[in-house]
Amino acid sequence: MPNTDTPAGRFGEVVLPHLGDALALARWLTGSSDDAEDVVQDACLKAYAGISTYAGGSARAWLLAIVRNCSYSWLARNRPRSLVMAGDLADLDGLAGNEGHDDATPEAALIAKSDAAALAGAISGLPHAFREVVVLRDINGLSYREIATMLCLPIGTVMSRLSRARALLIAELGDVK
Amino acid sequence: MIKPGTISTDPPDIRLLLHALADGELDAATALALERRLASDPALAAEYARIVALRTSFQTMPLQQPSPQLLARIEDLAQARTPAATPVRRKEQSFDWRALAASILVTAFLASSATYWATQGPAPQGFASEIAGSHRRSLLASSAVDVASSDRHTVKPWLDARIGVSPPAVDLSADGYALVGGRVEVIDGKPVPALVYQLRKHLITLVAIPQDQAMPRPGAPDLSAGGFPIVQWSDGTFSYWAVSDIGRDELQQFADRFRAATTPAAAPK
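Protein chains in written order, with the numbering used here: chain X, 1 to 177; chain C, 1 to 269.
FYI, nobody ran anything at the bench for these hints, they're computed from the structure. No false leads were slipped in.
What follows is a set of in silico ranges between Cβ atoms, one per label pair, in the way DEER data are often shown:
{"id": "1", "chain 1": "X", "residue 1": "L110", "chain 2": "C", "residue 2": "Q65", "range": "28 to 36 Å"}
{"id": "2", "chain 1": "C", "residue 1": "A39", "chain 2": "X", "residue 2": "E13", "range": "43 to 51 Å"}
{"id": "3", "chain 1": "X", "residue 1": "G56", "chain 2": "C", "residue 2": "A111", "range": "34 to 42 Å"}
{"id": "4", "chain 1": "X", "residue 1": "N69", "chain 2": "C", "residue 2": "R36", "range": "37 to 45 Å"}
{"id": "5", "chain 1": "X", "residue 1": "G31", "chain 2": "C", "residue 2": "L110", "range": "36 to 44 Å"}
{"id": "6", "chain 1": "C", "residue 1": "Q252", "chain 2": "X", "residue 2": "E13", "range": "36 to 44 Å"}
Pulled from the structure, derived: some chain C residues nowhere near chain X, Cβ distances all over 10 Å:
{"id": "7", "residue": "A31"}
{"id": "8", "residue": "L105"}
{"id": "9", "residue": "S129"}
{"id": "10", "residue": "S138"}
{"id": "11", "residue": "L140"}
{"id": "12", "residue": "D151"}
{"id": "13", "residue": "T154"}
{"id": "14", "residue": "D171"}
{"id": "15", "residue": "A178"}
{"id": "16", "residue": "D188"}
{"id": "17", "residue": "D235"}
{"id": "18", "residue": "D245"}
{"id": "19", "residue": "E250"}
{"id": "20", "residue": "A255"}
Think of the CB as a built atom: it goes at the ideal place given N, C-alpha and C, for glycine as much as any other residue.
Let the sequences and hints guide you as you build the complete structure.
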């Protein structure tokens with residue numbers, strides 16, 4: 001990546017290309033596109049102020065970590081009820097991996113056919129801890145290791161949350177109406 | 001973490017590996033071993049097919065693109081802060097004359113820009129009273145507008161030809177605000193476009209100041225001058241100042257309608 005001298009130049013190189021991803025993450029964490037713009041603007045302010053702390057590596061992961069923090073600060077301020085408490089998180093991780101499929105498993109074809117709206121609805125219904133992992137992986141395209149670093153979690157926890165989140169999505173989308 | 005070439009037979013573990021395989025996170029040896037397992041285990045293969053199907057489904061979901069307004073706000077943010085936000089990183093030193101020189105320069109810069117701001121930047125209240133004054137004059141003049149037309153396609157080009165800027169002259173007649181026309185105002189020594197709308201018998205002057213000019217920061221929410229309420233907002237391109245002799249609530253309503261009408265036009269979804 002070519003180095004630019006001014007913070008504004010660096011900001012343009014590091015942050016601006018990933019605004020779409022930043023918006024997507026903020027949209028799924030806050031639950032609304034309008035709020036996402038506010039959160040992303042706030043995150044960009046912070047990213048701009050902290051551009052000197054960006055030490056190479058994945059610019060996208062760096063920006064998304066800021067967006068995630070801003071999203072949760074925003075949620076804590078504006079939608080305190082929607083946040084999951086820490087105690088619940090441990091319970092969720094305990095559940096992860098215990099998901100067993102019975103005989104009435106949904107067909108892959110049915111899931112692949114599901115439209116964007118159905119998928120969006122299913123994602124919105126996930127608990128926060130699962131939602132952020134699946135969004136970071138399947139929408140933002142981060143690697144397991146990047147997600148683990150960002151969330152300060154062991155990679156095994158990331159994998160089990162992802163598996164659990166997808167199992168919930170599959171069950172929701174495969175549910176024949 | 002995962003030993004290459006061997007795979008766990010523990011059901012929860014193997015499920016995690018299925019996801020890792022779909023995500024391309026497995027090394028070749030583990031992937032090979034897992035693919036052999038898949039070939040011999042139809043239940044596992046079905047589970048894998050569902051995971052892949054879900055990932056396909058994700059790919060069809062459109063990624064939201066930043067709206068032009070958000071992009072403009074964020075680019076402004078970078079530009080506006082450039083002079084002050086230069087990070088200074090230096091090795092530990094007991095005294096560095098460069099630091100002293102730099103701090104003198106920064107102080108001089110800040111002091112001179114503060115002085116510039118104080119002397120050149122119009123005070124919000126002075127600005128508001130100029131706008132209220134222009135509105136009052138327009139009510140007393142023989143015509144409140146320089147170009148009288150209810151057709152926005154007439155008003156906009158006229159303003160553009162006169163002063164080279166034209167704000168969005170939206171048609172709000174459905175909401176009861178008829179476009180009367182436009183005129184050129186001189187605010188703070190500069191020509192700026194003004195639109196005139198009519199609500200019942202009352203005129204509303206909407207002054208639109210391009211944002212690249214020196215602007216007072218948005219004033220108090222209950223801004224008023226010369227007895228007229230003033231509602232101020234900006235959309236990144238223009239700073240709008242609406243003034244009228246109608247009540248503040250009604251003026252706010254007008255502002256909201258105008259805002260709503262200009263927003264989607266700028267960001268076609």
